[in-house]
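Generate coordinates for the entire structure from the input sequences, incorporating the hints supplied.
Protein chains: 4
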Amino acid sequence: MPKARKIINDPVYGFITIDHPLLLQIISHPCYQRLRNIHQMAFAHLVYPGAVHSRLHHSLGAYHLMCTALNELKGKGTDITEAEELGAKLAILLHDIGHGPFSHALEHELIKDAHHESISLLIMQKLNEEFGGQLQTAIDIFTDQHPKKFLHQLVSGQLDVDRMDYLNRDSFFTGVAEGVIGYDRIIKMLAVKDGNLVVEEKAIYSIEKFLLSRRLMYWQVYLHKTVVAAEKMLIMILRRAKALIASGIETIGATSAIDKFLQSSGSEVTIESLLDDFCDMDDHDVMATVKNWCHHPDKILSVLCKAIIHRKVMHIKLQSTPIDMDFQEQKKKEVAGIVGIDEADASYLAFGGEATNLLYNINNESINILHKDGSLKDISQVDNPLIDVKISEPVKKYYFCYLRV
Amino acid sequence: MPKARKIINDPVYGFITIDHPLLLQIISHPCYQRLRNIHQMAFAHLVYPGAVHSRLHHSLGAYHLMCTALNELKGKGTDITEAEELGAKLAILLHDIGHGPFSHALEHELIKDAHHESISLLIMQKLNEEFGGQLQTAIDIFTDQHPKKFLHQLVSGQLDVDRMDYLNRDSFFTGVAEGVIGYDRIIKMLAVKDGNLVVEEKAIYSIEKFLLSRRLMYWQVYLHKTVVAAEKMLIMILRRAKALIASGIETIGATSAIDKFLQSSGSEVTIESLLDDFCDMDDHDVMATVKNWCHHPDKILSVLCKAIIHRKVMHIKLQSTPIDMDFQEQKKKEVAGIVGIDEADASYLAFGGEATNLLYNINNESINILHKDGSLKDISQVDNPLIDVKISEPVKKYYFCYLRV
Amino acid sequence: MPKARKIINDPVYGFITIDHPLLLQIISHPCYQRLRNIHQMAFAHLVYPGAVHSRLHHSLGAYHLMCTALNELKGKGTDITEAEELGAKLAILLHDIGHGPFSHALEHELIKDAHHESISLLIMQKLNEEFGGQLQTAIDIFTDQHPKKFLHQLVSGQLDVDRMDYLNRDSFFTGVAEGVIGYDRIIKMLAVKDGNLVVEEKAIYSIEKFLLSRRLMYWQVYLHKTVVAAEKMLIMILRRAKALIASGIETIGATSAIDKFLQSSGSEVTIESLLDDFCDMDDHDVMATVKNWCHHPDKILSVLCKAIIHRKVMHIKLQSTPIDMDFQEQKKKEVAGIVGIDEADASYLAFGGEATNLLYNINNESINILHKDGSLKDISQVDNPLIDVKISEPVKKYYFCYLRV
Amino acid sequence: MPKARKIINDPVYGFITIDHPLLLQIISHPCYQRLRNIHQMAFAHLVYPGAVHSRLHHSLGAYHLMCTALNELKGKGTDITEAEELGAKLAILLHDIGHGPFSHALEHELIKDAHHESISLLIMQKLNEEFGGQLQTAIDIFTDQHPKKFLHQLVSGQLDVDRMDYLNRDSFFTGVAEGVIGYDRIIKMLAVKDGNLVVEEKAIYSIEKFLLSRRLMYWQVYLHKTVVAAEKMLIMILRRAKALIASGIETIGATSAIDKFLQSSGSEVTIESLLDDFCDMDDHDVMATVKNWCHHPDKILSVLCKAIIHRKVMHIKLQSTPIDMDFQEQKKKEVAGIVGIDEADASYLAFGGEATNLLYNINNESINILHKDGSLKDISQVDNPLIDVKISEPVKKYYFCYLRV
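Residue numbers (the UniProt record's numbering), protein chains in the order written: chain A, 1 to 405; chain B, 1 to 405; chain C, 1 to 405; chain D, 1 to 405.
In case anyone wonders, no lab produced these hints; they're calculated from the structure.
Heads up, some of the hints might be wrong.
Copies of the same chain are indistinguishable here, so a pair counts whether it falls within one copy or spans any two.
To be verified - Straight-line Cα separation of at most 25 angstroms, SDA-like style, residue types lysine to any residue; simulated pairs:
(1) Lys232 / Ala114
(2) Lys260 / Ala114
(3) Lys76 / Asp19
(4) Lys149 / Ala336
(5) Lys299 / Ala246
(6) Lys312 / Pro297
(7) Lys372 / Phe327
(8) Lys74 / Gly14
(9) Lys260 / Gln136
(10) Lys202 / Asp79
(11) Lys126 / Asp280
(12) Lys202 / Val180
(13) Lys74 / Asp19
(14) Lys312 / His20
Okay, here's the thing in structure tokens:
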């Protein structure tokens, strides 16, 4: 058993303290260490060079905020047992363990119908067996089966520590000051009312700022044109590779983990049966494969791979109205001509779609505000000149990407 | 030609402005983009999870400080032509372009006698040809052939912008507050005297702090036991692979770039002839290779690779006195027994050495201080109770690593 | 003449450089040094203990941003002569020189119809005479008589460096993270089009955040209940003192500067004739007077003064709807009874009013956005889901203060 | 009784939480509120304009660090009762309550033999009576009568939270980055061994940095020439006023609190009998008095006062060797001639002395380091190339101030 106390330097919060042997064991488990090699923000570093932090770092940060939030709630008299505390900490530590490399892009490309949250659950169950059932409370909290709802809401809800950390951490590493949130104030104002997580009235400005920061990060960073285009290109690379395989052409150069998923992609193979392989796969597999394929004989595959590696990201139009079909057709022809491929294949190199809430759901921002008199109101009901009723309108954008030639 | 002005968000300095077409062309060149996939701090992220910034990011940061320093000097009346300004900016942008992946560890393992500075020069010369001689002044400054010595000293000297950036950036990303330096004050106090870079007397406290920060970062971060052990393990992996190749065993699983270097490692092949391959190689190659070799039939290779990937870094002793030989022998035996290998091969899994100025030279810290009366004094001659004469003493440590079994 | 270069440490921007002899002379002039003893945020430190920075510090900060903005514009090719540059720097350095102590509260109490901006102009004219006309361009810019409108707009406009500094600095010293603005990005995006200051399209998120931060600071800090109540109390103290004087009662204990203003307050004396006395008066006069009056025989005066000094700030209701008259009357009676004064005088200790845009005008937020195609649009016309059309709605609140008894 | 939980924004630590009714009562007591109007750094703001934070703010900050440290120690199993916790928090909150305005300068000028620590104790005893003995444990801890020595050491010792806060806070507000210390790491490494406060071995680099930061702040800030000169001028102002009173000349213009102390200064009056007056006196008294005396008929008094108010601080020589007596005599003559006073009185306007450890004692830096094997070593005994043996050498400087004419 590892020693029971570890302090980790974190540029965002200063220090993160791990003070339970089980937490230390989980953190040093290969399944968790894999997250070290998965970028939290995928290709965002192509635009924001500092955005190279890992999912491991984010989940440690979210864990730290969970510790702070639990302490705050306990200080206000909320009843939380030691087992629940450990469970909530484990749940947040493991909430992203099911993320694969570039998961927003690849979630449905490498294996069908495998959402990262359900993979997280599978891995938690696997670990629960390995650790003799010690993760059961964590799993109950993660899946909202635990009677104290607020614990689940801290892991996944409108004010959960997951998004508090990612907004803050992503702002920090990108250098986009607009995304910084007053997480410490929000956490200090958390309370539990009738078993649910609420915030005290005094936090209303911080909440308003929190919601705005999310929207700003959404448009300025997460949906940045170059980032979106790079992710789309990666999808096309995988699709092309699968098409080649389907037509019997070898795609030598994939790392063994990637290869396994590509080979099984047409079949009925489930994520359950590939879980160990999944736990072996990280960004290095994807990037090394893409690098090797730069020299692949298939023109489409090599053109796309080189464009990623040399950061010649596709042109992208991103707008509120649908993109003109003639423009799309013309670009496809041009690209096909220049690269020297069939027009039928041009849609690998020039393609469009819709970017609605592509990365993070920003609807349903219902947040309960606890007034001094003990009453609860949803934030949209609060009489405050700062609160913008339009906050929950959905936003959709149309995009069209085409090779930079 | 790309448009002539670009602003890059940087969490350390806020914004970095690129405002010359040639600078933009260099930055978007594949040789430069390669640095995006090379960690500035190699394995330091195993201890400091935030330390995942790239060499590309560092060289942009050093470029930013160069811009600031040149502006400051021009403001004080130092004569710097536009061509020299561009040259100095190009020189610092490219000063690290010859770094390979994990270069402090691998510099002499993948190819003999190829120091990263000489590779930087080779690549700069290659680019100079490609860009029709536009990099000649940059090369002259880099190699200290340019008559205005202070320009070279800004690139490489006791107070160069290279180390100002890396100390600051490494502190920032590790979260080690002790390493933060007052770079803005030092830069504001830079001056040129008789063609050489000096600092004004008022900066003396900042310089003292700068020297101390270097020492602190050196011991607390760059020579952190776990980091040193991981680098040593990587060296052993490459050595084992080369030994296997030499004995005719295939080491399938290396990416194509790594494979080329391994195959040629025993031969007389020079870096010049492999320069294009070198420019294809980054951290993804090393890490994907190590991942693939986790399944290699050679026990030593697979044991070492798994230990890296699962972060089961070797035990390491690091001390001021030589490590007891009996202890070393005993550990070798133990390890050989447990892993099940010949004792002759145990030195792959249990080995020692000296860590003297392993990463950065901290000797020769001569810094010229410009007094108000115009006289110059070396910092060690300054009558100041804060200045520690022992500052330039060499420091050596002995280490011994052995597998965690 | 003082030496021509000075560097001032500033916790907000790092260093502020003064590099012109005239600027140094102005800064060391007693009129300017007076600002050292005037709190930028008056009584805000009663709630935010860090908010004790001075108007001198703020105007140095605004000067620093002016330097940055002018450099940026010159770098983009905007024609700015050396005389204009110096003028703009002097104008911003002196823009607040007409502020008296607690000026938002006392502006119309100590001397009638004397707005701080017109006093600033008077003092600038006085200095202009003293310095042989060297401030003429500064005065022209300050009064918008200079032909290049953008210089005035940098001093006073929707995106002027004054409010950029105060929002940022006030956030910094209060510790209210919500008010931090991305001033560096906004300044980097400033441009001049047809002689007017505009911002490039890319800054739109930063502008949105800037506008929101202003609103947040407005409600969370500038109009904080306790701060408003303390300012109202100070007004009542002065009113009471003037009433006592008018009825022939001596108000021994005022410092000589305060005394002069009180004595002349009923008369036709103008600010012009009292300008030298005005330039002698700072927060120490007000606070020492209030402290001395704690022992004044007049109950109302001493009660109010003690309440300020001991931080027993009045209760205050602050709401969107008018405050119930019965409640007001009842409170007046209560207070009069407890303190033992006539009900006729109770309105010194229990009083109400409206707080509409009390401190800073937040209407008229028209900001010109420069699009890539060279066209201009007001920010409210920009098609962007983040821009909130309601941003320019006026906001009014009703308040009622009464003694804490 | 005030409500039992209050959160205060602090730019240094984010938020400070007060969660005990007695703490809130103490904080809102007039004796404590007085600290709001006493600058923590006296005249340092003449050089560092941001250095205007109050002693109230510092003591809240030190209280916050105390809370953190106690939590950390409790987390490591140190036995601390609730009463002790409250006592330690009260002790640190009140540790500086005996500071008068500009106390480093005026401590022995306004009343003889009254050291601020003994006045703090007097006020704590007064409050203890007022609060029915609830402060007894705090007093015992403050005076080191409490059996658990480490509690006193947290209030006042080599690693106490007092100096951790002031170094950090003074760095923050001055903008002198060199003074920033890694307080969070040091606090996380505190432990109790045999009843005494020690630090774990891992903190050694942070401690080294802490000691260096102290020295840097000492020379760069606390003993900055201009700051020292201004303090010396204030001493001379008081001495001159006392001399005038002694010779029967009225010094109209002093506020009532200052006046009382001046009048009694020659007598046998003790601080005990003037304690209430002492608790009425703050920076506003000193500064308003100095302002009023700018117009005093005594030339020496008015010249000195104007020099302070207009920031025409005296010239000062500050050096390691004694200042030449001839130079001193010559300057005295010059000054006397120009101002038009007797040479006998010239020593008010030109005077010298020694600045040895003027503000803070930096000797006796013995710090116990707790090694992993449980052994204790003083930091000077630690085998570490970073530790500088000269760290505890005393430092003395000679100064000579003379009027800027």
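Tested hints:
In this assembly of identical chains, the alpha carbons of Lys232 and Ala114 lie at most 25 angstroms apart only when taken from the same copy (19 angstroms versus 39 angstroms across copies). Only within a single protomer do Lys260 and Ala114 lie at most 25 angstroms apart by alpha-carbon distance; the minimum there is 16 angstroms, versus 37 angstroms between protomers. Taking identical chains as interchangeable, the C-alpha atoms of Lys76 and Asp19 lie at most 25 angstroms apart whether they share a chain (22 angstroms) or sit on different chains (10 angstroms). Taking CA atoms no more than 25 angstroms apart as the test, Lys149 paired with Ala336 passes in neither setting, with 55 angstroms inside one copy and 52 angstroms between copies.
Only within a single protomer do Lys299 and Ala246 lie at most 25 angstroms apart by alpha-carbon distance; the minimum there is 17 angstroms, versus 36 angstroms between protomers. For the homomeric pair Lys312 and Pro297, the shortest alpha-carbon distance inside one copy (20 angstroms) is at most 25 angstroms, but the shortest distance between copies (39 angstroms) is not. Taking identical chains as interchangeable, the C-alpha atoms of Lys372 and Phe327 lie at most 25 angstroms apart only when they sit on different chains, with a minimum of 21 angstroms there against 58 angstroms within one chain. For the homomeric pair Lys74 and Gly14, the shortest alpha-carbon distances inside one copy (23 angstroms) and between copies (20 angstroms) are both at most 25 angstroms.
When the C-alpha separation of Lys260 and Gln136 is checked against a cutoff of 25 angstroms, the pair qualifies neither within a copy, at 31 angstroms, nor between copies, at 49 angstroms. For a Cα distance limit of 25 angstroms, the shortest separation of Lys202 from Asp79 inside one copy, 23 angstroms, qualifies, whereas the shortest one across copies, 35 angstroms, does not. In this assembly of identical chains, the alpha carbons of Lys126 and Asp280 lie at most 25 angstroms apart only when taken from the same copy (15 angstroms versus 39 angstroms across copies). Taking identical chains as interchangeable, the C-alpha atoms of Lys202 and Val180 lie at most 25 angstroms apart whether they share a chain (19 angstroms) or sit on different chains (19 angstroms).
Taking the shortest Cα distances, Lys74 and Asp19 sit within 25 angstroms of each other both inside one copy (18 angstroms) and across copies (13 angstroms). Taking identical chains as interchangeable, the C-alpha atoms of Lys312 and His20 lie at most 25 angstroms apart only when they sit on different chains, with a minimum of 19 angstroms there against 47 angstroms within one chain.
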